[in-house]
Structures are given as C-alpha cells and as structure tokens.
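Visitor: Same order as they appear, the protein sequences are chains H and F.
Just so it is clear: in the first sequence, position 172 is 172 by my numbering, and no numbers are missing.
Just so it is clear: in the second sequence, position 204 is 1204 by my numbering, and no numbers are missing.
Bear in mind the hints are in silico, worked out from the structure with no lab data behind them.
Don't be surprised by glycine CBs; every beta carbon is placed ideally from N, CA and C.
Hints should not be assumed to be uniformly reliable.
[Unchecked claim] If you anchor each label on the Cβ, the simulated ranges turn out as follows:
#	chain 1	residue 1	chain 2	residue 2	range
1	F	G1236	H	A32	14 to 24 Å
2	F	D1077	H	P42	21 to 31 Å
3	F	H1206	H	T31	46 to 56 Å
4	F	P1110	H	G111	26 to 36 Å
5	H	D255	F	E1076	54 to 64 Å
6	H	I50	F	H1206	21 to 31 Å
7	F	G1187	H	S110	38 to 48 Å
8	H	R259	F	P1105	36 to 46 Å
9	H	R169	F	P1238	39 to 49 Å
10	F	K1048	H	G111	51 to 61 Å
11	H	R271	F	D1077	38 to 48 Å
12	H	T246	F	L1126	29 to 39 Å
13	F	A1114	H	Q275	24 to 34 Å
[Unchecked claim] Partner residues aside, some chain F positions facing chain H, computed with beta carbon under 7 Å:
#	residue
14	G1090
15	L1144
16	V1146
17	R1153
18	A1154
19	Y1182
[As the list claims (entries may be wrong)] Short derived list, chain F residues pointing at chain H, Cβ under 8 Å:
#	residue
20	P1078
21	T1148
22	A1216
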Amino acid sequence: MDTMRERFASVTSRLLEEDPRLAVVLADIGTAGFAEAARRHPDRVVNVGIREQLLIGVGGGLALTGLRPILHTFASFLVERPFEQVKLDFGHQDVGGVLVSAGGSYDWPSGGFTHMAPGDIALLDTLDGWTVHVPGHPDEAETLLRHAASAGDDKVYVRLSAQANHAPRAVDGAGFRTLREGRGGVVVAVGPMLDHVLAATEGLEVTVLYATTVRPFDAAGLRAAAGAAGSADVVLVEPYLAGTSTRFANEALADRPHRLLGLGVDRQELRRYGQLDEHLAAHGLDPRGLRERIAGFVAARP
Amino acid sequence: MTHMTTEPTRGKAAGPAAGGAAKRTPHTGGIGFDELPHLMSLMTGDEKHGPAATSTLDALWVLYDRVLRVSPGTAEDPGRDRFLLSKGHGPMAYYAVLAAKGFFPTAWLPGFGAYDSPLGHHPDRLLVPGAEIGSGSLGHGLPLAVGTALGLRAQGRTEPAVWVLIGDAELDEGSNHEALAYAGAAGLDRLHTLIVDNSSATHGWHGGIASRFEAAGWSAATVDGRDHEALHEAFGAPHPGRPRAVVARVEPKGD
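Hey, can you work out the whole structure from these sequences and the hints?
Guide: Now the structure itself:
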C-alpha cells in the first residue's frame, strides 16, 4: 500500500489531466511525485522553491484568475509559517483553493519539533469557511482529495499523515459515520486515530463515530449519536492538539447537559525524537492510554 | 460581491483617454488629472496634500489613463490588464483615480472611512469596483501578482499585463523578495512592479532599489515619479523574457 502522500501525487496528477482548472503549487517538497505531471503541464505544476509565503500568495493569485490551486508542503510550512497569507490571500480576497499538508503531528519524530504541526487545525479554526479533511487511510485520502479538487471555490484543507488505519472506510466528505453502537457514551475517532480507538473501546458500551471531515463539524451527527446512546458523554480523540474540536462539540450539545473529554496531542513540547508509536504512547494516544482515559471518563459518570 | 451603498458602476463607460506630450497629462475630456486634488479633498477635507498622500498619484494616473487596458466596462473581462495595489495604505490617490475613470461615483468619496462607505483606509476588493485585491497588510501584492501572471499564462492568456504597486518601505517585507527572486528566475514577462520610492524604508536600499530587481533578472528603470512622460516611457519599454520593475522616485516622506 502506498502512503497518503504518494497517493496525493498520483491522484492529483490524474486530476490535472481531467480538469484544466486545477493547478499544483509546490515549494521544493513533494516535487518528485509531480515530475511527470510537471513535464506534461509545465504551466499548471509550479515549484516556487523554498518560499512558503510565495507558495500561498501564488495560490491566491491563481485563484483570482479563476483557477483552482492545490498547494502542498509540510503542515508547519503550509499553515503555520505563512498563516497571514492563508488568512488574507484566500479568506480576505474571497477566493478558494486546496491546501494539502503532510507531516501531521509527528510523522517524522526523529526530525524533531521543527517538522511537527499539532496546532494546524486549531490555527485554521481562527479563520472562517475552511473545510478540513483528515483521512485515516490512503484510499480515504484519494476520495477526500477528489472531493476537495471538485469543491467549486471552497477553501479546503486536507491533512495527510504517515499514520494510517489498517483498512479504509467509506467516506463521503461530509458527516461522521457510526462504526459501533453502545449506550455508555460517544467516542469520536478522527482519521488515523480510529484503529487505536476501536482497540481501546473493545468491550466498552460506547458508540464510536468515525470523523474524516472535521470542518464543518458534524453537529447533527454528534447530537444524533448522543441521543441514540442515551448519554451526552463525549470523548473526542484527535491526532492533533488536544481539545481542538471541543468548542464545536460543546455548541452541538449546548441544549443538553453533557460531559466532554478532548484527547489529542499535548500542548507541551515533548522534546523527544524516536518513532511515531513512541510519540503516540507519550501523548496517551496508544490503545492502552486511550483505554485508561476513556474508561475512566465514562465510569465517572455522575 | 457586496456593495454597502449605492449601485456599483461596473459597466459604466470610462471617460475618454487623454493623450498629449506635456509633462502633466492635459485635460481632454472626462475627469482630468487637474481635478484629482479636488477628488482627494472630498476624502480628507484638505485641498493641499502632503507628499505621502500623493506619492502614488502621478504614477497611478499615467497607468490608468494611458497604459492599463481596463475600464469600468471591462473590469470583469478575463482578458483585462490587472492592477494590484499592494501598498493599501493612504489609498486616497487610488480612489480618486478610480472615481475619475468612472469605476465608482465621485459621490462615494466623502464617505471615506465611514461605516457605511465601501471606501476604507485600506481597500477591499469586495467593496471597491475595479480593485483587484484587498490590501493593507504589506507584502501580499507581489506574490499575488506572480500567481495572477502564472494563472493567466496557464489559461493561454498571454495578452493581459499584470501590474502591482508597492512602496519602497514595503520592499522590506521578505515575501516580496521571495516573489521577485522567483519571478525573475521564471521570466514572467507579463509581470510589472511599480515601486513608488519616497525614501520611507528605515534602512534604505544600498545600491538602489532597481539593482535588487536587476540582480534577480528583471528589466528595471528608475524615473522621476512626478514626470508623466518619463513614467509613460518607462511603463511602455519592451522587456522580452523578463519581468519589469519601474522605480518612481518622489519627494521623501515627511518633507
């Protein structure tokens, strides 16, 4: 199985053939995967060099002429470094485009914190109108990339990760999907957290929702699941900054008593290298850590 | 697109273009250059404007009057020339020129900066007919212009020229250096940068601003930013295979 990043290059190269409105902009990262596409479409596959502010500005300029730009680099350099460009060159100009990141929260742990971006979605949450897809498998990434490319002039962020679930699920680019039902609470697993959540909740009486499109937040789906479960105890398990989506879950359940636990990556910098599974364990996002915290939260119900 | 006051005037014909060889463009119909100070006074209540307020006025006028292929009637035409005001600060001269050319009524000008006016202290492309970008935060216009030039080229539109106006102090922003280095290397010959130099950059530019662009592969010229003929000549000079920079020098800010 290829990685999400490899799938991004192959599927986007095909989309460039099908849709003359699409253009890809790179900043010296991910260029190998687009070498053939760049030969075939030199005007629609542009590498601006190591220039991330320009990457976003060029995307905004392409969109101003009616094209649909797809911009790609690591999340730290795509969302965090040129954040004002994202805010103004898309939002304020009222144009759309697709940001596709790689690197996730710690896809390259031995690379250290400079290449980690657990706060990317929290940062995008300060802006209006961004759709956010967090696929949990390369097949899902392909589906969601196709949704993003064909989403008119919408502003879309697709967060790719090296972490993936063992099998793909059907995704629709919109709501949450119920994978397991129980009456002791609702656990929302985002993208690549699903396998660990399923393992962690084995034998627990909880509903498991699978979320791969997290913005707009599927408030109706969460409300329905909480209603069906007879419990508005909700655990969010996100592969990025802990608590990123708690505001949205709170708003979804504002009319009923509820309890909320937001699990994800700690705010404090870990300052460790190593491997992805070691970072998951350190943040309590491995099955053991999740089990302990989810079971404790559900059992503590008043 | 939202307009907060009266009906927008996209579609209204522009006044006839003025020609002539005088240092200042003569008034040959419509609203002329000599009336721009009055239009600016509608925004500021002041007939006398300091150099900072009018630093861009002459260059903008020559562009809109004699160079850019865009009018209220073609403001939505994909084949139009693009002018991106990157230096969104002190936009009175820009608004005066757009109003003079009929992009919106001069009656909008007195509302400058008011809650229900489309004309803010920094322009918003959704509110100002004829404005290609919303600007105010420095360093966004040139990268957007690079993307615009690339987007037009990718769609086979080799005719439209893309112009962007930045200030000499705005050139301090690193994003501009990302853009000018790339544009030179890529040979974006439909891209033009107008740098209005009123010596406001805190540390200045050793060797002059034009040298920065030339070193990056641009065609560049430095002219008197108050001399309409010199501006017109510099704007129209051929620059095959290279983007073009015109540095328009005006009185130092604050003098």
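Visitor: Now look at each hint and say whether the structure bears it out.
Guide: Cross-check of the supplied hints:
1. Against the hinted window of 14 to 24 Å, the Cβ-Cβ separation of F:G1236 and H:A32 comes to about 43 Å, which falls outside the hint.
2. F:D1077 and H:P42 have their C-beta atoms about 26 Å apart, which keeps the hinted 21 to 31 Å range intact.
3. At about 34 Å, the CB distance of F:H1206 to H:T31 disagrees with the hint of 46 to 56 Å.
4. The hinted range of 26 to 36 Å is not satisfied by F:P1110 and H:G111, whose Cβ atoms lie roughly 57 Å apart.
5. At roughly 45 Å, the beta-carbon separation of H:D255 and F:E1076 lies outside the given 54 to 64 Å, and the hint is violated.
6. Distance hint check for H:I50 and F:H1206: the Cβ-Cβ separation is about 25 Å, which falls inside the suggested range of 21 to 31 Å.
7. As the Cβ distance of F:G1187 to H:S110 is approximately 40 Å, the hint placing it in 38 to 48 Å holds.
8. The given range of 36 to 46 Å is broken by H:R259 and F:P1105, whose C-beta atoms sit roughly 58 Å from each other.
9. Between H:R169 and F:P1238 the Cβ separation comes to about 59 Å, which falls outside the hinted range of 39 to 49 Å.
10. Checked against the hint of 51 to 61 Å, the C-beta distance between F:K1048 and H:G111 comes to roughly 59 Å, which is consistent with it.
11. In this structure the supplied range 38 to 48 Å is violated for H:R271 paired with F:D1077, their Cβ-Cβ distance being about 56 Å.
12. H:T246 and F:L1126 have their C-beta atoms about 33 Å apart, which keeps the hinted 29 to 39 Å range intact.
13. Between F:A1114 and H:Q275, the C-beta spacing of about 59 Å breaks the proposed range 24 to 34 Å.
14. Interface hint at F:G1090: violated, since its Cβ lies 19 Å from the closest Cβ of chain H, which is beyond the 7 Å cut-off.
15. This hint holds: F:L1144 has a C-beta 4 Å from the nearest C-beta of chain H, less than the 7 Å allowed.
16. For F:V1146, the suggested interface contact is upheld, since its CB lies about 5 Å from the closest CB of chain H, less than 7 Å.
17. Here the hint on F:R1153 is kept, as its CB sits about 6 Å from the closest CB of chain H, short of 7 Å.
18. Evaluation of the F:A1154 hint against chain H yields a held restraint, the C-beta minimum of about 4 Å falling below 7 Å.
19. At its closest, the beta carbon of F:Y1182 sits 5 Å from a beta carbon of chain H; the interface hint therefore holds under the 7 Å criterion.
20. Look at F:P1078: its Cβ gets to within about 7 Å of chain H, closer than 8 Å, so that hint holds up.
21. At its closest, the beta carbon of F:T1148 sits 4 Å from a beta carbon of chain H; the interface hint therefore holds under the 8 Å criterion.
22. Restraint check, F:A1216 versus chain H: the minimum CB separation of about 12 Å is more than 8 Å; hint violated.
In summary, the structure is inconsistent with hints 1, 3, 4, 5, 8, 9, 11, 13, 14, 22 from the numbered list given earlier, while agreeing with the others.
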